[in-house]
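2 protein chains.
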Amino acid sequence: MSTTTTLPLYRQLAAHYRGAIEAGSLQPGARLPSLRSLMQLHDVSLSTALQLCRTLESDGWAEARERSGYFVRRPQRLGMAPMDEPDADVQPDPAQYVGIHSRVSDFVARRRAADVKLNLSIARAAPQFYPADALRAAMTRALRLHPELVAGVPPLRGDPQFRTVLAKRAVAAGMVLSPDEVLVTNGCIEALNLALRAVAQPGDTIAVESPTFYGLLQVLESLGLRALEIPTSPQTGLSIEALELAARTYGDIKAVVVVPHLQNPLGSVMPDAHKQRLVQLCDAQGIALIEDDTYTELLDAEQPPRAIKSWDATGNVIHCASMHKILAPGLRLGWISAGRWQARVEMLKYTQSRNNEVLSQRGAGEFMATGAYDRHLRRLRTALRSQRERTAEAIAKYFPEGTRLNLPPGGLQLWVELPAGCASAQVFDAALQQGILVAPGFLFSNSARSDHFLRLNCGWPYDAEIDGALRTLGGIAGQVARAA
Amino acid sequence: MSTTTTLPLYRQLAAHYRGAIEAGSLQPGARLPSLRSLMQLHDVSLSTALQLCRTLESDGWAEARERSGYFVRRPQRLGMAPMDEPDADVQPDPAQYVGIHSRVSDFVARRRAADVKLNLSIARAAPQFYPADALRAAMTRALRLHPELVAGVPPLRGDPQFRTVLAKRAVAAGMVLSPDEVLVTNGCIEALNLALRAVAQPGDTIAVESPTFYGLLQVLESLGLRALEIPTSPQTGLSIEALELAARTYGDIKAVVVVPHLQNPLGSVMPDAHKQRLVQLCDAQGIALIEDDTYTELLDAEQPPRAIKSWDATGNVIHCASMHKILAPGLRLGWISAGRWQARVEMLKYTQSRNNEVLSQRGAGEFMATGAYDRHLRRLRTALRSQRERTAEAIAKYFPEGTRLNLPPGGLQLWVELPAGCASAQVFDAALQQGILVAPGFLFSNSARSDHFLRLNCGWPYDAEIDGALRTLGGIAGQVARAA
Ligand SMILES: Cc1ncc(COP(=O)(O)O)c(C=O)c1O
Ligand SMILES: Cc1ncc(COP(=O)(O)O)c(C=O)c1O
Numbered sequence: 001m002s003t004t005t006t007l008p009l010y011r012q013l014a015a016h017y018r019g020a021i022e023a024g025s026l027q028p029g030a031r032l033p034s035l036r037s038l039m040q041l042h043d044v045s046l047s048t049a050l051q052l053c054r055t056l057e058s059d060g061w062a063e064a065r066e067r068s069g070y071f072v073r074r075p076q077r078l079g080m081a082p083m084d085e086p087d088a089d090v091q092p093d094p095a096q097y098v099g100i101h102s103r104v105s106d107f108v109a110r111r112r113a114a115d116v117k118l119n120l121s122i123a124r125a126a127p128q129f130y131p132a133d134a135l136r137a138a139m140t141r142a143l144r145l146h147p148e149l150v151a152g153v154p155p156l157r158g159d160p161q162f163r164t165v166l167a168k169r170a171v172a173a174g175m176v177l178s179p180d181e182v183l184v185t186n187g188c189i190e191a192l193n194l195a196l197r198a199v200a201q202p203g204d205t206i207a208v209e210s211p212t213f214y215g216l217l218q219v220l221e222s223l224g225l226r227a228l229e230i231p232t233s234p235q236t237g238l239s240i241e242a243l244e245l246a247a248r249t250y251g252d253i254k255a256v257v258v259v260p261h262l263q264n265p266l267g268s269v270m271p272d273a274h275k276q277r278l279v280q281l282c283d284a285q286g287i288a289l290i291e292d293d294t295y296t297e298l299l300d301a302e303q304p305p306r307a308i309k310s311w312d313a314t315g316n317v318i319h320c321a322s323m324h325k326i327l328a329p330g331l332r333l334g335w336i337s338a339g340r341w342q343a344r345v346e347m348l349k350y351t352q353s354r355n356n357e358v359l360s361q362r363g364a365g366e367f368m369a370t371g372a373y374d375r376h377l378r379r380l381r382t383a384l385r386s387q388r389e390r391t392a393e394a395i396a397k398y399f400p401e402g403t404r405l406n407l408p409p410g411g412l413q414l415w416v417e418l419p420a421g422c423a424s425a426q427v428f429d430a431a432l433q434q435g436i437l438v439a440p441g442f443l444f445s446n447s448a449r450s451d452h453f454l455r456l457n458c459g460w461p462y463d464a465e466i467d468g469a470l471r472t473l474g475g476i477a478g479q480v481a482r483a484a
Numbered sequence: 001m002s003t004t005t006t007l008p009l010y011r012q013l014a015a016h017y018r019g020a021i022e023a024g025s026l027q028p029g030a031r032l033p034s035l036r037s038l039m040q041l042h043d044v045s046l047s048t049a050l051q052l053c054r055t056l057e058s059d060g061w062a063e064a065r066e067r068s069g070y071f072v073r074r075p076q077r078l079g080m081a082p083m084d085e086p087d088a089d090v091q092p093d094p095a096q097y098v099g100i101h102s103r104v105s106d107f108v109a110r111r112r113a114a115d116v117k118l119n120l121s122i123a124r125a126a127p128q129f130y131p132a133d134a135l136r137a138a139m140t141r142a143l144r145l146h147p148e149l150v151a152g153v154p155p156l157r158g159d160p161q162f163r164t165v166l167a168k169r170a171v172a173a174g175m176v177l178s179p180d181e182v183l184v185t186n187g188c189i190e191a192l193n194l195a196l197r198a199v200a201q202p203g204d205t206i207a208v209e210s211p212t213f214y215g216l217l218q219v220l221e222s223l224g225l226r227a228l229e230i231p232t233s234p235q236t237g238l239s240i241e242a243l244e245l246a247a248r249t250y251g252d253i254k255a256v257v258v259v260p261h262l263q264n265p266l267g268s269v270m271p272d273a274h275k276q277r278l279v280q281l282c283d284a285q286g287i288a289l290i291e292d293d294t295y296t297e298l299l300d301a302e303q304p305p306r307a308i309k310s311w312d313a314t315g316n317v318i319h320c321a322s323m324h325k326i327l328a329p330g331l332r333l334g335w336i337s338a339g340r341w342q343a344r345v346e347m348l349k350y351t352q353s354r355n356n357e358v359l360s361q362r363g364a365g366e367f368m369a370t371g372a373y374d375r376h377l378r379r380l381r382t383a384l385r386s387q388r389e390r391t392a393e394a395i396a397k398y399f400p401e402g403t404r405l406n407l408p409p410g411g412l413q414l415w416v417e418l419p420a421g422c423a424s425a426q427v428f429d430a431a432l433q434q435g436i437l438v439a440p441g442f443l444f445s446n447s448a449r450s451d452h453f454l455r456l457n458c459g460w461p462y463d464a465e466i467d468g469a470l471r472t473l474g475g476i477a478g479q480v481a482r483a484a
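Residue numbers (the numbering used here), protein chains in the order written: chain A, 1 to 484; chain B, 1 to 484.
Only chain A is shown next, with the shape it has when bound in the complex:
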């Protein structure tokens, strides 16, 4: 092994092991040497041996198994084509102003009527992946020590301790916020409502990614706002060119809502250069930039990515985030930092739901202030990566030819493109009859563009039941595709 390179030692060692795996001398499933063996074998410190294993893990060449060490795996090479990049020139379709409500209501009604055995329509991990015990312990402690949590009035803006922890963690994403610039909300969805109500009036046009999560389309419709869908790359997210074009064509875009990291449903991640251009474009055009940070902590990355707001010099970026899917689905904790609209957003929050209850904030804040939070996130990411990959393998195996898929670098779900003409509504119906609930593509756009897509949750531990359900789904998709 050459030592002339300037790479750190653990990186050199990682390259060595990757070579061994690629050459087949280390087979997938084989156990890697223990930390102690690695230290002896390569004459390195414990910390270097640890960094080596973590690097192999985060690059996808090894996986940790609880209490038994690291095991070789091969990063996914799917037997499926990736999705096409969108055409930035697409003229917005007036039909897309049509509402999403009735479709979602229909979806909800059918879901309620059905006997759902496996829910793949959500975007959430299974309960056992969340640190319920530690959070319960922290909340129990807070209840014991602080009677005022029940009898006193919740403080303005949210619990100061929690806001301080959030402001501190925001530094890693490049945001410099004082705790008073953090306003706690009932989940990210309330943050988005407040952001939109602060910057726009009913009748105004809001640019959104296409496809986007139907929750956002519902919010827009319920507020009387018009969604202008902007083509979005499955790799790099919102097309800045397309937004530029739309801004030139429609002079009146009031705001744009983007999910820069692990976009829902695409899983795309915006490169930093795109984020910067977006900030500039929005500044120049007077478009408020609303950043939805819901999934960032689920990104498989050594460093947390920079928030769009980290480039905000004018207060034009509104940052919205949530703990709901990364820390505890039972808690409805989100937050917003609204730049130049902060005072207006605070007033709207007070008017809409008053201050949040403190207890869950206190519990979450205590937990997030410790190393346990990052350990939890690391475990969650590792579990999700393996579940995404196994789901993708099953799709490659069971779904009809012509199915396409991008494997996103993190997150809770896969966005699956069925063969052209294979209507997601039909797949949804047939699957529901088998007790399998999927999120049909038509929910993710007001246009017909996503009608032949499905979004599948990867939050459940991969097992025979999931595998069987994916085989069933693949069979259904094949039938629908052949009949199309």
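Among the clues, some could well be false.
If several chains are the same, the list does not tell them apart, and a pair holds so long as it fits within one copy or across any two.
In silico SDA-like pairs for lysine to any residue, Cα to Cα no more than 20 Å straight-line [unchecked claim]:
1) 168 to 451
2) 168 to 304
3) 168 to 303
4) 117 to 148
5) 397 to 33
6) 397 to 463
7) 168 to 407
Because the hints were derived from the structure by calculation, they are not lab data.
Source: prediction; values computed, not measured.
Add chain B with the ligands to chain A, keeping to what the hints say.
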């Protein structure tokens, strides 16, 4: 003492004691005989002696003091004139469509900048009046037994146990609701937002009581709705004639919001006949009727009054309520039952903030299912009555001539009419300089009608500090009145 009457024994005894108090043979402050002495004196059972004391207490002739028995008091006879009844013919003033936001923002900003020693601007009891320990115990138990409260997703509509308790209690107010017709919200304020969003579009006109609490005026303005203020009696609440007249004059009233019991700020209580006429009028005119039940449990009454919704035969009444001020100010628990708009309100709730966290619902639901809840309410009402009366006495003593006041039959506050021309804004400013925060009348109407009123909280235990503050306030009001 005659025994020929058909009144129950305890009632006869109560009349006897009332006579003695009115005759002056029992002086205010004197200790009533102990339960044991009453039993011997009148040869009655313990339960009759207890009923006697409770009756004297609820009629206002005695007050219980923790661990030392019952003491004589005299129901209030104030040396002040009551307020005038409003003129139902008042033509709505277009100026009242002007916003409340800037005034409230100004109020909030000044409050934050000041060093507040005593806050009389709130509408809430002191923390010690709420059953924090029992609620904390119930919540701690729930946390121990139910990990899914943290890691699972909160159920649709709210915790089923809590909704069941709410539906059960609603029966006493004449409402027949299934638990599935109860939707849990973040306080009554969210319920009001949802109700208004369900029935009206921006630009629509909503009839409200005048004066009304500024929270409602803020909600209307933030939703782009126009408040049409309807004259309201300090005794009997919303003037049905005035609403009828307004409906004839302005054909386009979309909804009316009323607080039938202990209206904020007036403290008025609508007679049942008015409630019935209101239901009929709204049905006939196609006006949605939104009932805000926030304070009902604080009414001094042997029987809970009937909710407006109890007369609703068409689904036209939306019932909104809250636990925030009667059970626990630290919990943000409210609920809504929206009649024919139920599905739409559920959808808007999901879109605005998703389902509520479960823990506080579980704690509140457990507590409310026991007799402890009614005991708590009884204690709270008793304390508030004495505090209201002492505050009223102090106002009679310290405030300038021409001050007027109605003593409401329950609730957290007094609405004080200063002599004509005595601007509440000036009183507010001067009081704040002394560290006393009051709610100035101008916040309670978009018109100038309430400019010479103050709303004073009676939730603090009456003591020398409160008494001193009321004397200071009276002095300030006198100065402002003389300068006017
Ligand atoms: C991108 C995105 N933003 C916001 C939300 C809502 O977040 P919360 O549950 O925190 O309200 C979701 C959930 O579906 C989401 O996917
Ligand atoms: C009449 C009335 N309704 C509703 C509210 C708000 O209630 P909650 O705190 O439950 O949101 C208030 C509080 O000020 C009020 O006075």
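Going through the hints against the structure:
1. Taking CA atoms no more than 20 Å apart as the test, residue 168 paired with residue 451 passes in neither setting, with 42 Å inside one copy and 45 Å between copies.
2. Proximity of residue 168 and residue 304 under a CA criterion of 20 Å is satisfied intra-copy only: 14 Å inside one chain copy versus 50 Å between copies.
3. Proximity of residue 168 and residue 303 under a CA criterion of 20 Å is satisfied intra-copy only: 16 Å inside one chain copy versus 53 Å between copies.
4. In this assembly of identical chains, the alpha carbons of residue 117 and residue 148 lie at most 20 Å apart only when taken from different copies (19 Å versus 42 Å within one copy).
5. In this homomeric assembly, residue 397 and residue 33 never come within 20 Å of each other (Cα to Cα): the closest approach is 32 Å inside a single copy and 87 Å across copies.
6. Taking the shortest Cα distances, residue 397 and residue 463 sit within 20 Å of each other inside one copy (16 Å), while across copies they are farther apart (78 Å).
7. Neither within a single protomer nor between protomers do residue 168 and residue 407 lie at most 20 Å apart by alpha-carbon distance, with minima of 31 Å and 51 Å respectively.
Checked against the numbered hints given earlier, this structure breaks hints 1, 5, 7; the rest are met.
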